[in-house]
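Chemist: Produce the entire structure from the sequences given, and follow the hints as far as they go.
Number of protein chains: 2
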Amino acid sequence: MASPSIEVALGERSYPIWITTSQADGSNPVDFASSFQDSVGSCSHAVLIHDAAIADTVANQVERVLAGMNIRVTNIQVPSGETSKSVAQLETIWNTMLGSGTDRQSVVVAVGGGVVGDLAGFAAASFTRGLRFVQVPTTLLSMVDSSVGGKTGINLPGGKNMVGSFWQPQMVWIDTQTLSTLPDRDFISGMAEVIKYGVIEDAEFFSWLKDNTGSLAERNPDALRHAITRSCESKARVVAEDERETSGRRAILNYGHTFAHAIEATAGYGVCLHGEAVAIGMQMAARLGIDMELCPPSLLEEQTAVLEAAKLPLVWKEADPDQMLPVMARDKKVAHGKLRFILPNRIGDVSLVGDVPAEKVIRAIEACRSMN
Amino acid sequence: MASPSIEVALGERSYPIWITTSQADGSNPVDFASSFQDSVGSCSHAVLIHDAAIADTVANQVERVLAGMNIRVTNIQVPSGETSKSVAQLETIWNTMLGSGTDRQSVVVAVGGGVVGDLAGFAAASFTRGLRFVQVPTTLLSMVDSSVGGKTGINLPGGKNMVGSFWQPQMVWIDTQTLSTLPDRDFISGMAEVIKYGVIEDAEFFSWLKDNTGSLAERNPDALRHAITRSCESKARVVAEDERETSGRRAILNYGHTFAHAIEATAGYGVCLHGEAVAIGMQMAARLGIDMELCPPSLLEEQTAVLEAAKLPLVWKEADPDQMLPVMARDKKVAHGKLRFILPNRIGDVSLVGDVPAEKVIRAIEACRSMN
Chain L
1 MASPSIEVAL GERSYPIWIT TSQADGSNPV DFASSFQDSV GSCSHAVLIH DAAIADTVAN
61 QVERVLAGMN IRVTNIQVPS GETSKSVAQL ETIWNTMLGS GTDRQSVVVA VGGGVVGDLA
121 GFAAASFTRG LRFVQVPTTL LSMVDSSVGG KTGINLPGGK NMVGSFWQPQ MVWIDTQTLS
181 TLPDRDFISG MAEVIKYGVI EDAEFFSWLK DNTGSLAERN PDALRHAITR SCESKARVVA
241 EDERETSGRR AILNYGHTFA HAIEATAGYG VCLHGEAVAI GMQMAARLGI DMELCPPSLL
301 EEQTAVLEAA KLPLVWKEAD PDQMLPVMAR DKKVAHGKLR FILPNRIGDV SLVGDVPAEK
361 VIRAIEACRS MN
Chain F
1001 MASPSIEVAL GERSYPIWIT TSQADGSNPV DFASSFQDSV GSCSHAVLIH DAAIADTVAN
1061 QVERVLAGMN IRVTNIQVPS GETSKSVAQL ETIWNTMLGS GTDRQSVVVA VGGGVVGDLA
1121 GFAAASFTRG LRFVQVPTTL LSMVDSSVGG KTGINLPGGK NMVGSFWQPQ MVWIDTQTLS
1181 TLPDRDFISG MAEVIKYGVI EDAEFFSWLK DNTGSLAERN PDALRHAITR SCESKARVVA
1241 EDERETSGRR AILNYGHTFA HAIEATAGYG VCLHGEAVAI GMQMAARLGI DMELCPPSLL
1301 EEQTAVLEAA KLPLVWKEAD PDQMLPVMAR DKKVAHGKLR FILPNRIGDV SLVGDVPAEK
1361 VIRAIEACRS MN
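Protein sequences, first through last, are from chains L and F. Under the numbering used here, the first residue of the first sequence is numbered 1, with each subsequent residue one higher. Under the numbering used here, the first residue of the second sequence is numbered 1001, with each subsequent residue one higher.
Some hints here could point you the wrong way.
What the hints assert, rightly or not - Okay, the calculated beta carbon distance ranges per label pair:
| hint | chain 1 | residue 1 | chain 2 | residue 2 | range |
| --- | --- | --- | --- | --- | --- |
| 1 | F | S1080 | L | N345 | 53 to 61 Å |
| 2 | L | S34 | F | G1158 | 33 to 41 Å |
| 3 | F | P1357 | L | V271 | 57 to 65 Å |
| 4 | L | S34 | F | R1185 | 54 to 62 Å |
| 5 | L | A203 | F | G1158 | 34 to 42 Å |
| 6 | L | D184 | F | L1352 | 53 to 61 Å |
As the list claims (entries may be wrong) - Now the stretches of chain F that chain L is said to cover, found in silico as 3 or more residues with beta-carbon under 8 Å:
| hint | segment |
| --- | --- |
| 7 | 1020 to 1032 |
| 8 | 1088 to 1097 |
| 9 | 1162 to 1175 |
Unchecked claim - Negatives, chain F to chain L, calculated, CB over 12 Å:
| hint | residue |
| --- | --- |
| 10 | L1010 |
| 11 | S1014 |
| 12 | N1075 |
| 13 | E1245 |
| 14 | T1246 |
Calculated from the structure, these hints are not laboratory results. All C-beta atoms in this analysis are idealised placements derived from N, C-alpha and C, irrespective of residue type, glycine included.
Modeler: Next comes the structure, spelled out in structure tokens:
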């Protein structure tokens, strides 16, 4: 059989990421069934947790393949949107799993975007204290970010991803063909995380992106596989160095995210897409980096150009430091009340910076209310 | 400083268990504050989750010690009883933790019995994907069983411990003095797990118990420390061999428990104490072992004598196989629908036995409706 595109190196928790493209006739150069069998091992019951939006397409295909492998499938549909990452939705899933005879030999298969992956991943991590788990991300954002690295979780009112666990999947299966039907706004949102990898640790990839946002916007399969592979490789490298966010290295993945979480929380979850908030957050972080004299103003120009070419938003008119700062103070990266940010040194290199003065943070937020 | 009574050997997740007795003047031969500092490291915020029943005694003492170490304490009180191991109670704890500024540097301290330990442990495991955690068990049952080994979790309607995670504490602190005010029924219930260790893997300890149930019932501190130490050593040995219940070895700790869970579930959680159900379950398991010709009838006689001396119940008049079997079929030890039990070979040795005929299980249940 074929070799996986990427192997995430985490010792006994290592797993493959397959990045492939289904053909027009539905065939795929890599076989899902044998990849599943190879990574998961024996399985006679799967809990397929999927986003309502892809119930009739990808989720249905995956269900048919699993059924063809003589696997009993329990189907759990989750409403689209961030509000599904709730205690109530998780409780519904736990009860459905119990009612359908899910046991420690069962396998959870998440089909959908980051919401479903995070929610299903935490259900897998916690039901009977841990089930095997497979990720089939169907959005660009989840392909390049949330499906890789083992972070699972749900939101609390007033705190995003406040509850969850580190739980690695058995495999991640990415078929770029599923992106052909992804709405433009969602696709563009995912591009924010792709561009983020260029800024935080892959300058060569950032250069490639300068020339290829056009082909990506057209969903060219070769360009997509390249961008997704480079993004996943970048994330896998960082995660392998710091699986549980203990050394500080993994925090670089949160470039732009401290601001983004505050934008999402004050705008109300779901108003602003995650990637849109990340793009604006990256702009705030770059401005803060310049203000802190960590990077040259040209970095902001370069970043602005690529985000703009990808059609991402760069400003948020309602940005209100008085609302955002208290949210940032609750961020998981906060060490006992001190604000810390990932800030750029140059394209391809960022640092975790502690003790950032609040007035500079306020200035960075206010500067992103409009294009100057 | 003094050496811990037991070191649970789990590689980088190893931790000490202190087993000590406070003196009449409140002093203790081992210092809690320095043990805490030694195991936990730096800490400026603790979330003290405690059982309402010991709010004014042990929880209050622990809070004062922590405050004396300049640790800010958030106090969360949990109603006594198994019904607190619910999604609703967990959600309340998560929200209180968020509202009180709990972050990744915070430490969860569980003070109470198994309910509080399991619930607080899962809250620690899941809040911001994992906080440090200290167990201060205050009942005999939690001292010898639930506080050791890292199993945390809550119940679902119809499924005990169905949700949770493996999450090891930084240390376990056992003060036998707290047992002096434990109600008799709770103390006796805890004795079931103590006796269990003798049956499953420590024949010498079983012999010691034959002669010492009297001193234990009188809560003699020396006898208590010995019994708790032997029990925790037994559990620590088994857990070190099979932390996440993957090899099957850890399952021996569930001797009597498949029956016990079914007794608790059909009686309604909280009607029958856990240890009471375990004692009856051990009797059912011994009868099943004899029926399967795995052990001699004398094993049941010996076990009966020790359980009886500890004043534990040996029969359950309402035992109904029709209600209990469906619950057992959902047990986490079930491998795809086949009933499996831990059955005794001789005192000090048990095995996991698969494919047990349902009619023998029914016979074992019916035989424990009354003393023959």
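Chemist: Should the hint that A203 of chain L and G1158 of chain F are 34 to 42 Å apart at their CB atoms be regarded as holding?
Modeler: For G1158 of chain F against A203 of chain L, whose Cβ atoms are near 55 Å apart, the range 34 to 42 Å is violated.
Chemist: Closer than 8 Å, Cβ to Cβ, for at least three residues: run that test on the segment 1162 to 1175 of chain F against chain L and report holds or violated.
Modeler: holds (count 5)
Chemist: Verify that the Cβ of S1014 of chain F lies farther than 12 Å from every Cβ atom of chain L, and report whether the claim holds or is violated.
Modeler: Correct as stated: the minimum Cβ-Cβ distance to chain L is 17 Å, above 12 Å.
Chemist: Beyond 12 Å from every Cβ of chain L: is that where the Cβ of T1246 of chain F lies?
Modeler: 9 Å, violated
Chemist: Verify the CB-CB distance for S1080 of chain F and N345 of chain L against the hinted window 53 to 61 Å.
Modeler: 55 Å Cβ-Cβ, so the 53 to 61 Å window holds.
Chemist: Using C-beta distances, would you say chain L covers the segment 1088 to 1097 of chain F, given that this needs three or more residues below 8 Å?
Modeler: That given contact holds, which follows from 3 residues of the segment 1088 to 1097 of chain F lying within Cβ reach (below 8 Å) of chain L.
Chemist: Would the least Cβ to Cβ distance between L1010 of chain F and chain L come out above 12 Å?
Modeler: Per Cβ check, L1010 of chain F is outside 12 Å of chain L; nearest 15 Å; holds.
Chemist: Is the hinted range of 53 to 61 Å satisfied by the C-beta distance from D184 of chain L to L1352 of chain F?
Modeler: Holds, since D184 of chain L and L1352 of chain F (Cβ atoms, about 55 Å apart) stay within the stated range.
Chemist: Given the range 33 to 41 Å, decide if the beta-carbon distance of S34 of chain L to G1158 of chain F lies inside it.
Modeler: 37 Å, holds
Chemist: Decide, holds or violated, for the assertion that all CB atoms of chain L are farther than 12 Å from the CB of N1075 of chain F.
Modeler: 19 Å, holds
Chemist: Are at least 3 residues of the segment 1020 to 1032 of chain F within less than 8 Å of chain L when you compare beta carbons?
Modeler: violated (count 0)
Chemist: Mind checking the hinted window 57 to 65 Å against the Cβ distance between P1357 of chain F and V271 of chain L?
Modeler: Hint holds: Cβ distance 60 Å, inside 57 to 65 Å.
Figure legend: structure checked against the earlier numbered hints; hints not met, in rising order: 5, 7, 13, 14.
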